[in-house]
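A.B. asks: So the chains spell out like this:
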Amino acid sequence: MTVTATAGQPAWTHSLFRSGWLDGSALNFFLEELNPAWSLVRPAVRIRQIIEETHDTRSFVFKPAWGFGRAIAGQHVGIGVDINGRRHERRYSISSAPARGLVTITVKREPNGKVSNHLHDRIKVGDRVFVSPPQGDFVLPSPAPQKLLLIAAGSGITPLMAQLRSLLSGRYSGSIVLLNYVRSQQDRIFGAALDELAERHPQLSVHWCLEKENAERFSASQLQQRVPDYAERFALLCGPAGFMQVVRQHWHEQTLDERLRFEYFGTPQPFKPDDKPAGVAAHIALARSGRSIVAEANQSALAALEAAGETPSYGCRMGICQSCRCRKVSGPVRNLLTGAVSHEPNEEIQLCISAAEDDLVLDY
Amino acid sequence: MKKPHPSRALSPQEQDALAAELDALRDSVVADLGERDARYIRRIVRISRYSAVFGRIALMFGFVPLLWPLAVLALGVSKILENMEIGHNVMHGQYDWMNDPRLNSQTYEWDNVGTSDNWRKTHNFKHHTYTNILGLDDDLGYDITRITGAQRWNPGYLLQPAYNVVFALLFQWGVALQDMKLGRYVLGRRPLTEMFAKLRPIVRKSGFQLFKDYLFFPLLAGPNLLAVPIGNLIANGMRNVWTYSIIHCGHFPAGVRIYTRAECKNESRGHWYARQMNGSANIEGSRLLYILSGHLSHQIEHHLFPDIPAHRYPEMAPKVREICERYGQHYATGPFIRQFGSVIGKFFLYAVPNLQRRPRTA
Ligand code: FES
Chain A
0 MTVTATAGQP
10 AWTHSLFRSG
20 WLDGSALNFF
30 LEELNPAWSL
40 VRPAVRIRQI
50 IEETHDTRSF
60 VFKPAWGFGR
70 AIAGQHVGIG
80 VDINGRRHER
90 RYSISSAPAR
100 GLVTITVKRE
110 PNGKVSNHLH
120 DRIKVGDRVF
130 VSPPQGDFVL
140 PSPAPQKLLL
150 IAAGSGITPL
160 MAQLRSLLSG
170 RYSGSIVLLN
180 YVRSQQDRIF
190 GAALDELAER
200 HPQLSVHWCL
210 EKENAERFSA
220 SQLQQRVPDY
230 AERFALLCGP
240 AGFMQVVRQH
250 WHEQTLDERL
260 RFEYFGTPQP
270 FKPDDKPAGV
280 AAHIALARSG
290 RSIVAEANQS
300 ALAALEAAGE
310 TPSYGCRMGI
320 CQSCRCRKVS
330 GPVRNLLTGA
340 VSHEPNEEIQ
350 LCISAAEDDL
360 VLDY
Chain B
0 MKKPHPSRAL
10 SPQEQDALAA
20 ELDALRDSVV
30 ADLGERDARY
40 IRRIVRISRY
50 SAVFGRIALM
60 FGFVPLLWPL
70 AVLALGVSKI
80 LENMEIGHNV
90 MHGQYDWMND
100 PRLNSQTYEW
110 DNVGTSDNWR
120 KTHNFKHHTY
130 TNILGLDDDL
140 GYDITRITGA
150 QRWNPGYLLQ
160 PAYNVVFALL
170 FQWGVALQDM
180 KLGRYVLGRR
190 PLTEMFAKLR
200 PIVRKSGFQL
210 FKDYLFFPLL
220 AGPNLLAVPI
230 GNLIANGMRN
240 VWTYSIIHCG
250 HFPAGVRIYT
260 RAECKNESRG
270 HWYARQMNGS
280 ANIEGSRLLY
290 ILSGHLSHQI
300 EHHLFPDIPA
310 HRYPEMAPKV
320 REICERYGQH
330 YATGPFIRQF
340 GSVIGKFFLY
350 AVPNLQRRPR
360 TA
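Just so you know, the sequences run in chain order A and B.
Quick note: the first sequence uses numbering that gives the first Met the number 0, first residue 0, plus one each step.
Quick note: the second sequence uses numbering that gives the first Met the number 0, first residue 0, plus one each step.
Please note that the accuracy of each hint is not assured.
Claimed, not checked - What the simulated footprint calls covered on chain B by chain A, stretch by stretch (three residues with Cβ under 8 Å from a Cβ of chain A suffice, anywhere in the stretch; the number is not a length):
no.	stretch
1	33–39
2	72–86
3	124–135
Honestly, the hints are just simulated from the structure, not real lab data.
Ideal Cβ placement from N, Cα and C applies to all residues, glycine included.
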């Protein structure tokens, strides 16, 4: 599963590069020449193993470079690949239990997903991918609650699989129910592994809810029937946005919100403004301040920021000096000079010549 | 430049049509960017890094005949590549589309006493936006050289042919301090505290450069202590003189037009394009010269498309030239000797006050 999040390079490499007293870029160049995994900027590690999970989902196993740190179950990593000279990075949840040594990510092929298709079609064992450190707060409280309910839909099982593996390989003695919604038999990601885990650990019960074969979907009554004691359980939820909306709504109605943790994948939707006033083309969320501002149609993001009282840096205001560069976390922008629209997440844009086509998230 | 500039004036409609044609050319190249460009710049980075390593290690063997000059040359070429084809171009955002953190316009730091932050402001913004507008483009004579009759003369300019030799040798320092406008502080027009605050990053950066070239590597060389700093000094000098010459060929040779502020008020995109064309000059030469100049040999194309990977300019040049001709715009180009000769000629010509009435500049 993918999560769009900040593709930061560790702060210390940044300061190393700018410090001046150590020629970080020269040091980094030769480290990379010796071994791309020793990069101080973005290590590239070899894929050790590829596991076919289902017809459209594969797991990739690699050994992280030094500086990766130790992931917590539920976190995701940035995976970068170069496609026709351009580096594309997406975040994928780790599906293996946190441990020293190997890390596994599990990737479902998205219909138009540049990176997921590249990983599936091009990457072979022995190829390198760029890896950035684990992030994310989709983690269990510590100590883990004694009664757990994990709700997954589709590839949303990935971070939950890491949770399960980590809980069951440790000293956890509580009870876990996994509600796993999949389209059909052949879409059962980790099918065999989950069956095996359930067999070895009586404390785990796995429910497969098959949409196609059994027409089983999430509903209040379905939940009640499958997991009568769900209200007593601490719940973790991960799946497509629409699915999560329905589940969250139910928990909300039961006033159980603080007993539910969730993670979106795909493009995060920090707000859903369906009632835009006239003249407003889009909302721009400013990730650093948490502010949300409005942009008019054809208005440059620079002008929109200024109209909202922000003071972004700029120079030429015509797309040549790069003073106004800013990272776009997600959302479509139109280049005011060429008319080209880009949906690429985590992309650097020039604010002065980019207009929001729809709602945006800026790293500003 | 007593005769009117050879380019004809463009009507607003023609300006728009010109902009549309140049935008279309730009779009076609942008759409084609990919693997080839990534491979090219990474290869240049590699050449620059390895020739620096060779140069620095070979210098440590002392004044060995043949080896020592070769080492100096390798280090000099490495510094030239790093400043011109890599540093200058990366900081223009030419490779930002690659999304490679090592080639990012905002974080790249070059091997030069000037700080990249400063450069991004003086060069990318001021010079490229206000190219050749008298009073706005600080690169017009770099405040110290009179290269057009429109600049007011003072007796100091009598010495400009001489002090330009010094300027060429120390070019990186000139660039580093350009934005400081030190005169303001000397004359007491601005507080000295501000000067010190602004100088701090420059001192830090140049301190590191001096430490590296004249202390750290010489000490590593042990007994061959002297061969290293002398080699570094020559390599830095080589780079300074070369960049000085290339950059002076960019906007000062004959046939390049200077603009007034009034002419550029509320200018259209087409006017901006025409100004870039008329305000820049190319150098003709071999591929090696192009690469070593960071493709500033194609200053016209660079000024039209500052964020397109520079190694693409030679392919774009015939098309640009054809567009220029169709719109009756002058395309100033010539071999290095002629272009640079013309600049030196201006140093002498404008060292003295204007002989006749003020020549037309517009
Ligand atoms: S302000 Fe110069 S590129 Fe945006």
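A.B. asks: It remains to establish, for every hint, whether it holds in the given structure.
C.D. replies: How the hints compare with the structure:
no.	hint	in the structure
1	33–39	holds (count 6)
2	72–86	violated (count 0)
3	124–135	holds (count 4)
Of the numbered hints given earlier, the model fails hint 2 alone.
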